[in-house]
Amino acid sequence: MFVIRSKKRDELQKYLLSNNIETLIHYPIPPHKQPAYNSWNEESFPITEEIHKQCLSMPISGVQNMDVSNDGSSATMATSRTRMQPSR
Numbered sequence: 076m077f078v079i080r081s082k083k084r085d086e087l088q089k090y091l092l093s094n095n096i097e098t099l100i101h102y103p104i105p106p107h108k109q110p111a112y113n114s115w116n117e118e119s120f121p122i123t124e125e126i127h128k129q130c131l132s133m134p135i136s137g138v139q140n141m142d143v144s145n146d147g148s149s150a151t152m153a154t155s156r157t158r159m160q161p162s163r
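Under the numbering used here, read the sequence shown as residues 76 to 163, first letter to last.
Any given hint could be a false lead.
Straight-line distance between alpha carbons at most 30 Å, and here's what the computed DSS-like set of lysine-lysine pairs gives [to be verified]: (1) Lys-108 / Lys-89; (2) Lys-108 / Lys-83; (3) Lys-128 / Lys-89; (4) Lys-83 / Lys-128; (5) Lys-82 / Lys-108; (6) Lys-108 / Lys-128; (7) Lys-82 / Lys-128.
Now the in silico label distances, taken between C-beta atoms and shown as ranges [stated by the list, open to error]: (8) Ala-111 / Ser-132: 19 to 25 Å; (9) Phe-120 / Tyr-90: 25 to 31 Å; (10) Asn-95 / Glu-124: 28 to 34 Å; (11) Ala-111 / Arg-80: 19 to 25 Å.
Calculated directly from the structure, the hints in this document are not laboratory data.
Glycine residues also receive a C-beta, built at the ideal position from the N, C-alpha and C atoms.
Take these sequences, add in the hints, and give me the full structure.
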């Protein structure tokens, strides 16, 4: 996995998908809210919750070529960089 953080994660994910770049949110439920940690479910972990809302798993593969790709994944890094520029 190649995981990035973005304050505009959901917007970035939609933008990437519109450019044929699939991404994933590997853990849609914060760790302390998972059933396995039910004794912590009511606890508040603000930093964990903030990070959880920002993580996005990007496609990465040893066989991908960043210059040429039939499925559009070559645009991943360039497209991501464009969308992750700070707003002014």
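Status of the hints after comparison with the structure:
1. As the CA atoms of Lys-108 and Lys-89 are separated by approximately 25 Å, the hinted pair is consistent with the 30 Å bound.
2. Between the alpha carbons of Lys-108 and Lys-83 the distance comes to roughly 22 Å, so the proposed pair stays at or under 30 Å and holds.
3. Simply put, Lys-128 and Lys-89 have alpha-carbon atoms about 15 Å apart, close enough for the 30 Å limit, and the pair holds.
4. The suggested pairing of Lys-83 with Lys-128 holds, with an alpha-carbon distance near 9 Å, which does not exceed 30 Å.
5. Distance restraint check for Lys-82 and Lys-108: the Cα-Cα separation of roughly 21 Å lies within the 30 Å cut-off, and the hinted pair is therefore satisfied.
6. Among the hinted pairs, Lys-108 with Lys-128 is consistent with the structure: their alpha-carbon atoms are about 13 Å apart, no more than 30 Å.
7. Distance hint between Lys-82 and Lys-128 is fulfilled; the C-alpha atoms sit about 8 Å from each other, no more than 30 Å.
8. Look at Ala-111 against Ser-132: about 21 Å separates their beta carbons, and that is inside 19 to 25 Å.
9. Taking 25 to 31 Å as the suggested C-beta distance range, the pair Phe-120 and Tyr-90 conforms, at roughly 29 Å.
10. Range check, Asn-95 to Glu-124: Cβ separation about 31 Å, and the 28 to 34 Å hint holds.
11. A C-beta distance of roughly 24 Å is found between Ala-111 and Arg-80, which places it inside the suggested range of 19 to 25 Å.
When the structure is compared with the earlier hints, no violation turns up for any of them.
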